[in-house]
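Starting from the structure of chain A, add chain B where the hints point.
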Amino acid sequence: MAQTTANGTEVSPQNSSPAERLLFGGLGVGLILLSLRQRGNSGVFLGTSGALLLSGAAMGRSVGSALTQVRRTEDDQIAVARAVTIGKSVDELYTFWRDFENLPRFMDHLESVKVQGGDGRRSHWVAKAPAGTTVEWDAEITEDEPGRRIAWRSLEGATVPNEGHVEFRPAPGDWGTEIHVSLTYRPPGGTLGAVVARLLGEEPGAQVGEDLRRLKRLLEVGQEPTTEGQPSARKGVMKAEAKMYDNRRTT
Amino acid sequence: MKAVVWQGINRVQVENVPDPEILQPTDAIVRVTATAICGSDLHLVDGYVPSMVHGDILGHEFMGEVVEVGPEVRDVRPGDRVVVPFPISCGKCWYCQHGLTSLCDNSNPNPKLAEALWGYSGSGLYGYSHITGGYAGGQAQFARTVYADQNLYKVPEGLTDEQVLFLTDILPTGYMGAENCNIHPGDVVAVFGCGPVGLFGIMSAFVLGAGRVIAIDRFPERLDLARKLGAETLNYEEDAVFERLKEMTGGRGPDSVMDAVGLESHAGGPGGVADAVKQTTRVLESDRPHALRAAIMACRKGGTVSVPGVYGGLADKIPVGAFMNKGLTMRTGQTHVHRYLDTLTGHIERGEVDPTVIITHRLGIDEAPHAYDIFKHKHDGCIKCILDPWADPKDHAPTKAP
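Line order of the protein sequences matches chains A and B.
Be aware that the first sequence starts at 1, since it is given in the working numbering, and climbs by one per residue.
Be aware that the second sequence starts at 1, since it is given in the working numbering, and climbs by one per residue.
Which stretches of chain B does chain A cover? Using the computed rule of at least three CB atoms under 8 angstroms from a CB of chain A, they are:
1. 22 to 31
2. 51 to 65
3. 96 to 109
4. 126 to 135
In silico DSS-like cross-links for lysine-lysine, where the CA-CA straight-line distance does not exceed 25 angstroms:
5. B:Lys-2 with A:Lys-235
6. A:Lys-243 with B:Lys-112
7. B:Lys-112 with A:Lys-88
Facing chain A, according to a computed beta carbon distance under 8 angstroms, are these residues of chain B, among others:
8. Ala-3
9. Val-17
10. Lys-92
11. Arg-144
Please keep in mind that the hints were generated in silico from the structure rather than gathered at the bench.
From a predicted model like this one, the values you see are computed outputs, not experimental measurements.
Backbone N, C-alpha and C define an ideal beta-carbon position, used for all residues, glycine too.
So that you can see chain A by itself, here it is in the shape it has in the complex (with noise of 0.2 angstroms):
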C-alpha cells in the first residue's frame, strides 16, 4: 500500500533495495536464534532486535531509510512538502514567487536563476553543490495559475532532474496565506545520496522548511534577525560551539 504525501505525491513504502533485505534479514533472523540461547532480558532484547529486522526486511522497509527519515517516490527520487503561513495577501506572494529570479533570496542553496523568452516559463537555475562547485539545469513552468499554484520541472539533461509546485492557499482569519511547496527530485548517488546529504546537514526537507522561513522573514520583516558580529567572551573552541547552535547567521 502506498502512502500519500500532503502534496498528492505517492510514495512508496517498499524503499530498500533486495541486497538490503537480504542483508538485514539474515542479520535478523541470526539475531533471533542467538536469543534463544540467551536467557533474561538480553535474550529479550535480541528476540526483539531480529524481529524488528526480519519484519522490516519482509516488508521492504529500509532500516536506513527509516532512520534518516529519507521519503523516496516509487520511481526511486526524494520527495519534500513543507508549508508556511505568511501575513501577506495571496496575490503579493504569487507575483513574487511567479518572478523565479526572486527565489535566491530566500532559497539559499541556489546561486542564481534566470528567466528566458518573453513569458517567463522557462528559466536556467544555478545552484551550489559541495565542495564549492555548482549544479546547473534548464526548468520549464508546467501549471501557471495566477494567484493558486505554480508548477515547474527541470528540461533534459539536468544533473538532478527535480520538479516542483508552489500552493498559495488564503489562511483562515488574518493570518494571510499558506504557501504548500513540494519538490521531488532524484539525488545523485540515490537514496544512498540522500542518506549522506542529510548526515552533512543538507537533508532537503529541512532545506526547504528554512527556505520557507527565510521567505516568511524577508516578506514579512525586511531581514533575517542576527547575532553574527555581536560581543562576547568566547575565545578559541568556544567560537565554534557558539556558532554550531547559532545556524542561521547571515554573512
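Chain B alone, transformed into the frame defined by chain A:
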C-alpha cells in the same frame, strides 16, 4: 566595555569585551544605565537551560540611553531614555500584531533548537541562551538592541531608572501572572513564591480586584514584604500549606493559584529529592515542578492555575488527574511585555504601583559575581539586586564568584 559573562555552570565573571555595533539597519545601541539580575538568570547560572556557551553576555532586564541608531530606525533617536522589553518583537508577524510578542515568529535567529525542544519557537530573548536566539544580554555597559522601533519603550519624563527598570520583565510578568489568574472581584488568589515576580504578582492581583491574596514562601524577609503589600502569608516550612489554604478559604480552596517559582522549586521529602537528583543529570528530568504540583492540588475546583514561573523542558509527575477531574484551567507563557507597558507605566506614574519596594541591593557591575551569589542563596536579605554598569569599582570591594 565591561560585561557580565557566563563562563560555565555556577561561574559568572565580569570581563572586558568589545563594544556592540549596529549590525542591522533596524538596530539601536543603548548605553545601559541600570540592569538587574532576574530569577530566571539563576536557571542559566545553575546550568538548567541548555545551549549556553562560555562567553555569552547575560542579562535581560536593562534600560538606558540610546546612543546610536541604524539607518532604518524612525521612532527612536539618540538621547532617548528607554527600557528594553526582554522578549524581542518583530512587530510584523501575526503574534506581534495580536499582542503576543513573546511568541514572535521572526525574532529568533536559531528557531530550530527551540522547535526541537518545544515544537515551535517563541521570540528571541536577550541574554537567555541560544535556544532563544543567542542574543548578547544587557548586564553590560552597552547593549545592541534589535527592531528598535518595535521594542524600545521611551520612559516618560519624571520617572527614575529604579521606577521603570522592572518594566523590562518582572513587573509585567507579575502582572500577566495575575491577569492569567482570571480574577473576579473579591477572589482569593494564592501565590507560590514571594520572589520579585511573586511580589509583583501580589501587587497586581490586588490591582485587578482580588479580595485576598495568600502568599507562600520560606524566607522571612520576603514574607514580610508580601504582608506589607497586603497579603496574608504562609511559611511552607512551618505550615501544612494545602490544609491551611483550605481552612483559610472555608474549605473551598483559592479561586486561582499562581506558580511564581518555576523549574527550581524547593521541596523536601522523597519526591523533592528524587526531582533534585534527576534534574542534576539534565536528562532524566530538566525541571523540578514541585510548586506546580502544589498549585494544581491547592486550587479550588473549576479554578485557574497561572504559571509565570519559567519551565524549560520536561517535568515528571504533574498531577494531571487532579487537573482534569477538578476542571482546572491553566494559563502561562513568557510575558508579552510590550502589551502591558502603557498600563503599568500609568500605574507607576499615578503612584498605584511602586516597583522600587523590592530592591534590597544596589551594586556596581564589578560586584556582579557577588550579586549573583547573594541573590541565588538569598543571603543578606537579598530580594532584588540592581547593577550600575558605570559604578566606580573603587567604591566596591572585589568579590568571589558564586
